[in-house]
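A.B. asks: The lines below spell out each chain.
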Amino acid sequence: MLHLLSKDSLTINALAENFDMSRPAVSKHIKVLYNAGFISIQDIGRERHCILKQDGFKVLQQWLEYYDTFWGSKLKKLEALLNDKTKNERP
Amino acid sequence: MAKFIQHQIFYPNPPEVVWDYLTKPELMALWLMESNFQLVVGHEFQFRTKGKPDACFDGVFYCKVLEIVPFKKLSYSWKFGPGNGHKLNNSVVSWTLNAKDNGTELLLIHNGFEETETLPMFALMNEGWLKNIQKILHLINPTIDGTTPA
Numbered sequence: 001m002l003h004l005l006s007k008d009s010l011t012i013n014a015l016a017e018n019f020d021m022s023r024p025a026v027s028k029h030i031k032v033l034y035n036a037g038f039i040s041i042q043d044i045g046r047e048r049h050c051i052l053k054q055d056g057f058k059v060l061q062q063w064l065e066y067y068d069t070f071w072g073s074k075l076k077k078l079e080a081l082l083n084d085k086t087k088n089e090r091p
Numbered sequence: 001m002a003k004f005i006q007h008q009i010f011y012p013n014p015p016e017v018v019w020d021y022l023t024k025p026e027l028m029a030l031w032l033m034e035s036n037f038q039l040v041v042g043h044e045f046q047f048r049t050k051g052k053p054d055a056c057f058d059g060v061f062y063c064k065v066l067e068i069v070p071f072k073k074l075s076y077s078w079k080f081g082p083g084n085g086h087k088l089n090n091s092v093v094s095w096t097l098n099a100k101d102n103g104t105e106l107l108l109i110h111n112g113f114e115e116t117e118t119l120p121m122f123a124l125m126n127e128g129w130l131k132n133i134q135k136i137l138h139l140i141n142p143t144i145d146g147t148t149p150a
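Sequence lines, in order, name chains E and P.
Going by the numbering used here, the first residue of the first sequence is number 1, and it counts up by one from there.
Going by the numbering used here, the first residue of the second sequence is number 1, and it counts up by one from there.
If you're looking for bench data, these hints aren't it; they were derived computationally from the structure.
Backbone N, C-alpha and C define an ideal beta-carbon position, used for all residues, glycine too.
Do not rely on the hints blindly, as some may be mistaken.
Across the chosen pairs, the derived CB separations fall in these ranges [to be verified]: (1) E65(E) <-> K50(P): 51 to 61 Å; (2) I51(E) <-> K50(P): 34 to 44 Å; (3) T11(E) <-> Q46(P): 42 to 52 Å; (4) N83(E) <-> N36(P): 24 to 34 Å.
Once the Cα atoms are required to be at most 20 Å apart in a straight line, the calculated EDC-like pairs of lysine to aspartate or glutamate come out as [unchecked claim]: (5) K24(P) <-> D84(E); (6) K87(E) <-> E67(P); (7) K77(E) <-> E67(P); (8) K85(E) <-> E67(P); (9) K50(P) <-> E67(P); (10) K74(E) <-> E105(P).
Take the sequences, apply the hints, and build the full model.
C.D. replies: Structure below.
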């Protein structure tokens with residue numbers, strides 16, 4: 001759902017069409033996302049639109065990407081150290 | 001979206017050796033960061049790296065040892081933020097060691113991230129800081145890219 005909204009804001013009906021869920025189930029899901037602060041809901045004309053709140057979402061994503069890279073390089077470094085140690089122990 | 005980091009890597013060394021590199025500050029400094037870590041549950045310690053004051057990161061990861069199972073499991077809280085008394089962002093780092101094929105399968109899970117008020121500041125700094133960290137990595141270990149003359 002968030003993935004769909006990351007491309008464009010959608011009405012609740014348009015969102016529901018993408019899922020094999022009942023309309024009440026979709027509404028419930030949207031409510032959870034709304035309460036978690038991931039989306040905002042705006043009335044545009046007669047339709048209710050769901051809009052992804054980019055800020056909090058993207059920022060957390062950026063930290064996760066940062067730590068992913070961070071640990072990836074740290075663990076590679078540990079690997080190099082341990083490999084050196086193994087070589088020195090078994091010449 | 002997964003809100004956690006997971007890395008699994010196999011090292012051809014027994015868990016006792018890998019454990020040393022995870023728990024002895026002088027060995028941790030070689031691949032991770034300088035710290036005042038102690039292998040004691042409840043011990044509070046900090047990892048120190050280069051901060052970036054204009055980018056809302058003070059260069060310190062504030063940690064507390066949560067769980068120790070010798071040679072098998074280690075976890076600590078991992079808080080970070082802009083310093084100066086601002087609220088820190090929570091997370092948890094957990095290491096699991098499994099003896100396997102004359103070596104160790106090391107699993108890292110970094111989770112427990114929350115949306116907080118200070119997180120949006122990170123948007124200002126992301127790219128520059130990543131580059132900076134890469135640079136620090138090379139400074140700490142110039143042989144990592146193999147271009148350092150012998």
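A.B. asks: Does each hint hold? Answer for all of them.
C.D. replies: Hint by hint, here is what the structure shows:
E65(E) and K50(P) have their C-beta atoms about 19 Å apart, which leaves the hinted 51 to 61 Å range violated. Between I51(E) and K50(P), the C-beta spacing of about 38 Å keeps the proposed range 34 to 44 Å intact. Between T11(E) and Q46(P) the beta carbons are some 49 Å apart, a value that agrees with the proposed interval 42 to 52 Å. The hint said 24 to 34 Å for the Cβ distance between N83(E) and N36(P), and at roughly 28 Å that hint holds.
Note on K24(P) and D84(E): the hinted pairing holds, with a Cα-Cα distance of about 18 Å set against a maximum of 20 Å. Pair hint K87(E) plus E67(P) does not hold up; C-alpha atoms about 32 Å apart against a cutoff of 20 Å. Distance restraint check for K77(E) and E67(P): the Cα-Cα separation of roughly 25 Å exceeds the 20 Å cut-off, and the hinted pair is therefore not satisfied. Distance restraint check for K85(E) and E67(P): the Cα-Cα separation of roughly 28 Å exceeds the 20 Å cut-off, and the hinted pair is therefore not satisfied.
For the proposed pair K50(P) and E67(P), the alpha carbon gap of about 27 Å is over 20 Å, so the pair is violated. For the suggested pair K74(E) and E105(P), the alpha carbons sit about 16 Å apart, so the restraint of at most 20 Å is met.
Violated hints, listed in ascending order, are 1, 6, 7, 8, 9; each of the other numbered hints is respected by the structure.
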